[in-house]
Each structure stands twice: as C-alpha cells, then as structure tokens.
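Between the sequences and the hints, there should be enough to build the whole structure, so can you do that?
Number of protein chains: 2
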Amino acid sequence: MRELRKDPVLNRWVIISSERAARPMDAFHVAPENVDSYCPFCEGEESATPPEIYASRRPGARPNGPGWSIRVVPNKYPALSGASRERANPTPELMVSSPALAEVSPELAQIGPVSDGVIDIFHKMDGVGHHEVFIETPDHSQTLHTMDKSQAAVIFHTLKARLLEIRKDPAMACAQFFKNHGRESGASLAHSHSQLIAMPVVSRTLGEELAGAAHHRIKTGECVYCRILRREGDSGERLIAARDGIAALAPFASRFPYEMMIMPMGHSSGFEDSSAKIIDALASMLVDLLGALAQMFNNPPYNLVLHTAPFAPGHEEAYHWHLEIIPVMARAAGFEWGSGFHINSVPPEDAADRMRKALGNE
Amino acid sequence: MRELRKDPVLNRWVIISSERAARPMDAFHVAPENVDSYCPFCEGEESATPPEIYASRRPGARPNGPGWSIRVVPNKYPALSGASRERANPTPELMVSSPALAEVSPELAQIGPVSDGVIDIFHKMDGVGHHEVFIETPDHSQTLHTMDKSQAAVIFHTLKARLLEIRKDPAMACAQFFKNHGRESGASLAHSHSQLIAMPVVSRTLGEELAGAAHHRIKTGECVYCRILRREGDSGERLIAARDGIAALAPFASRFPYEMMIMPMGHSSGFEDSSAKIIDALASMLVDLLGALAQMFNNPPYNLVLHTAPFAPGHEEAYHWHLEIIPVMARAAGFEWGSGFHINSVPPEDAADRMRKALGNE
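Chains A and B are the protein sequences, given in the same order. In this text, residue positions in the first sequence follow my numbering: the first is 1, and each later residue adds one. In this text, residue positions in the second sequence follow my numbering: the first is 363, and each later residue adds one.
It cannot be assumed that every hint is accurate.
DSSO-like, lysine-lysine: derived pairs with alpha carbons at most 30 Å apart [what the hints assert, rightly or not]:
1. B:K438 x A:K76
2. B:K719 x A:K219
3. A:K6 x A:K76
4. A:K76 x A:K160
5. A:K357 x A:K277
6. A:K76 x A:K168
7. A:K357 x B:K486
8. A:K6 x B:K438
9. A:K6 x B:K368
10. A:K124 x B:K719
11. B:K530 x A:K6
12. B:K522 x A:K124
13. B:K522 x B:K438
14. B:K486 x A:K168
15. A:K6 x B:K486
16. A:K277 x A:K160
Footprint (simulated), chain B over chain A, 3 or more residues, beta carbon under 8 Å [unchecked claim]:
17. 122-135
18. 203-210
Read the hints as simulated data drawn from the structure, not as lab findings. Heads up, the beta-carbon is just placed ideally off N, CA and C, and yes, glycines get one too.
What follows is the structure in structure tokens.
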C-alpha cells in the first residue's frame, strides 16, 4: 500500500507506505527498572520533590510524607510557571536597538532602513503557566499498563480534579496532559509519571482541531468526532474496541505505526466534565491497549497525549475530547520536521486488526 | 528566561525556558564511522542501489559504475513513487461497507445510522511522487561539514537540477529536500546522503508558511522574510553571519537549541531559481555552521530541511526560500506531539552569540 490520507479534522496528510516497513530500523524497548537505584519519585523520598500540590493518601498520613497512592508536584524544571490571576497579555517585543553589526552583516545594512513597523513581527509574552508532575504510583516497579486498573483510574480522576482547579485561573487558556514512557519517548526519569502544562494561549494543535471541528459542524450540523465514531463503527476495519461508553480506534490518517485514539462514545468536549464511570472506563481501556502493545512489541516507548477543549466556553457542541497513544517505533526525521507530514509504514487497518487479535476481540 | 514567543510567520508559539537546561539529559553524538564495513553507498557498490537518476562523473566514466562525485538514485524503500504526467486527483475513499462488528462495538451500533454524507470525512489519493536519495560523496569517511566546500556545493547544484526537472511533472505540487545526520536524527545509513520527496499536495508546513507570508504581504506590501532579515540585521542579536548574499540567524521563536535559518539576502521564492553564486555561498555558509556546531557539541546529530516555494506560480512576491538546521539535542516528547508547541531551553540570542564566537565573527 502506498497512499496519501488526509486527517478528517486537520489539514494534515499522511503517507501510508507499507513498503517502507522492510527498511532496516532500530527497535526500541523500555528496559526493566533497577528498583534498588535511587529515585526521587519513590515513597519515602518525598523531600526530593517540591512540596505537593495534590495527593491521595491513607487516612492520617501527613502531606509530603509516605502513605500516598498518587502525588502531584510542581515540575522542578518548569517550562512555564508563576501563573497568576491576572491575564498575561501578549506584548510586542521591546527591541533593544543596537548598532548594526557591520562586521557580521555589511550586506544586510545595505538592504534598507528598518521599517517603523506597520505591524510588528516579533511577539512574546511572559512564560506564565502551570507545569505539574503526576507521580502515578509509589511503586517504582509498576507502570501504567502493569498497575491495577483502579490505580490507573486514580491518575485520571486526579487529572479531572487538577483541570477543574486550574481552569479557575483566568490567565490560562488550555492545558496539555501528556506522558512520556521510556527514554526514546523523551522521559528523563523512569518512575511512572505524567505531566500537565497549562498555558496562557491555545496550543497550535488544539487551535487547528477547534477550527476543523467548527468547520465541520457549520457544514453538517454535527460533531466531526461523533461522525468518525459512526463511520468507524459501521465499517469496523479500524475499530479496536468499544465498551462502557469508550471506543478505541486506529485513526484513518495515523501518523505513527500503531497510533491509537480513545474517545468517549457520547459527545463530550471537556475531559474534566467526564463522569466517574467514563473515567474508570477510559483507564480500563488504556491499560488493556498499553498491555497488548507491550506484549506485542516487547514494551516499546510511547507518548500519551490528551486533547481536550480550551477553558473558555464556546466549543461544547463542536469539540470532542480524545486521548492519543503514540508508540515510539521510529524517529521523527527531517521530512517530518520540514513538511509537517508523516510517513507511516503500518496501515491503520493492519494495526487495528492486530490490536483486536491481541485483545481477544476477534 | 521563561517566555512564550510566536513565530513571525506561523501560528506557532515556543516556550523559551532556560531553567530547563539544568535538567538531566542525554547528549547525542554521531560516532566516527567504521570505513571497513560494507556500505551500499560507497564507490564500487553502485549495483547495490537502483540505477541512478542523475550523477556527476569523470569524463569517460560509465553510468552506474565508479568515477562519480555525486549520485542521485531512487530510494529503495520509497515513501511515494510512480509519479506520472497525469495529475493525481484526490478522490474520496471508496469505503467497503462491512457488517457492523457487533462483537466489538455493540454500543457504537446504537449511536445511530451511518449518515449518507453531506461531506465526506475520509479523503485519500494515490501515493504518487518521487523519492530520491542524494549520495553526497563517494568517500565514506566524509560528511557535509568535513568535505571540501566545492563538493558541498555540488550537492546543492544537483538539487537545483533535480528540482528543475521534477517541477516539469504536472502531478507534483512541491518537493521536500532534507538530510538526516546521525541515528538519532532518523538516518538509517551512515554514508553521507540527503533525500528529496516530491508530493502531489502542498505540505502542511509550506501551506502554513505561504498563508502567513501572504497575510503579511497584504498587510504591509512586503515579504515577511525580507522584513525578518532587516530586523535581525538591525538588532544583530540573533544574526550569526552574513556574506556573499547569504545570511544565517537563530530564529526569534527557535523550537530547538541552536536551531538556525539560512536565507538569501535578496528576495527569492524558489530555491531552483538561485544563481550559481548564491548556491556556492549557501554551501560555504552551511559547511561553516555545521563545522562550528560539530566542534562545539562533539558532532551532534542534526536535520537539515529546505523550505522552498511550491511549483505552481503565484508565490514569487510573498515567499522566500530558506534552509533550516535543526540540531538533535533533545527528543520530541508528548508535549510537542500533543500541543504542536515546543519547549526550548536555549534562548536564540545565546545560541547566536556562541555561534558567532565559534565562527570567529565576534
């Protein structure tokens, strides 16, 4: 198979080229952890992290001590921080005018004088936001696909609680929840954890999804994600599993081998408005999918990313939250960075077929 | 420093967070090559590749034999192929209707009947295109920053020739030239090479750049890239070097540490329309920048990506070709894949300062 497919929501084409699967490639595996080595996320090492923002603890256990099932702490190396209740307005860069570097750019000086600026081209704003780390379990030997499903559910119930809290901050536009599993996925610590970054602007991808979803709704009167669910449910060829209000599928224009998308079957724009029942079903589905993936490919690294509505109202009808699983089986290369397109050597129909078999659904 | 910066052309924000530089990180280095091991790209192994499309050879040397300074061959595992002179029209997917997988999706079946489709959501087209490999040198021990500048120039003169040829194919909308140096950059073979993929649609990134550039031209009457050059030339703080009609700078909203952008100082939309003098100057600048980078960071992997106008006319005034150097010093992680934003721990002003010093320009 060699074809171009367009994402149903975004202006993003993917090249599906199964011939490229024959190419010599590295295979990535997340090695078993040495439980004896020092880890700042383990129970008993609470003082190694900044004081916790949120935790679930045994009755009577004290904050920032042992006895927890999940801890949320500020990232020690935050990408954004210092969010306040004052809105952070974008301000044009205050350029410090300096003499032209004639030694470096004699020719640039000849191009012409600096325009006084009809519109400014350089915009920046303070890096305010929240950057939180979810330490998902006190047990260093566990990870998302090996832990009890009830423990996995605790992570997503905690996420709901944190999003409900953060969205009270009027300076925040949206939040990105993600997990990096394994070194090749970008994780710098092995102990199972995920992260939440709240930002003062709507992210690029979310903005594009909102635009695509709004466009579809104006044209057809319906949510494009609900439509995808119906189409995939009818054909079945890319559907992996569906139960308890949660569906998992291999996206039509999957960018990565074994990319998966998990969605509530009922329309819902903001993850934090989900019921406890949906959150439990999401966690259960996720553990099953990641467990099957780990078995099929000997514990590959992966990224997990949540796409959920921005905090400002107005997207309830057109948008639909979803969670993406991105197994790390190949490295993004110059083509991807240059073009914004992706080359995927595994057709999503084949990926869905293998996932269904691994889950015992076929 | 912790701030958000918006790309002057794209709707893409970058988080510049120098505090994150303190985080424990892997450092990547491209190891010296074992010249004795078998390599299908070496001189004398011409039969290991598909027959060449283009080559520069000694007078009298026969095609597909030794005696060349550069060879262009079809990629053995092409992402796209079989481009013809007939335009490949996008066609809605022909869905094979299959019975609903009731075992897998009893609930999906209850969501509702499949709409007959006001607009279709799944679009695909044949994977026609060109996927070529540029074997940049017969010498396995050389790479772009160690080879003679005249040999580096041969690569870009060859690229011009190939683009002029490929743009005659009316099915092709644009082409993406890129180079992956080192395993962590996505390279699967060590012998110095680059690639060219011609596509029947305009790439996502190029489409966004064209829109951003057109917007700026409508508002101000000028090319946004020319404006960037003037602004950077005036302030000097992100300018790295400028000579012989070519400028190099660290972009205002750099996504990656030591990201660099190389541009012709004179307005020019399509790389393939560049003069021999500009191409020689580009190659010379590139070799100097990559050489300095290799010395500063012990030969890090990198990606090189060319951004050049699509083949159809209409973008001559607003667009301006440029070449990006993306050193691979960190891995893209869940945050980048989820948000489309980037976190960069090295402010571009610092990167430009260090590059200028390394080049002896300060």
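Original post:
Which hint numbers doesn't this structure obey?
Top reply: 1, 2, 3, 12 and 14
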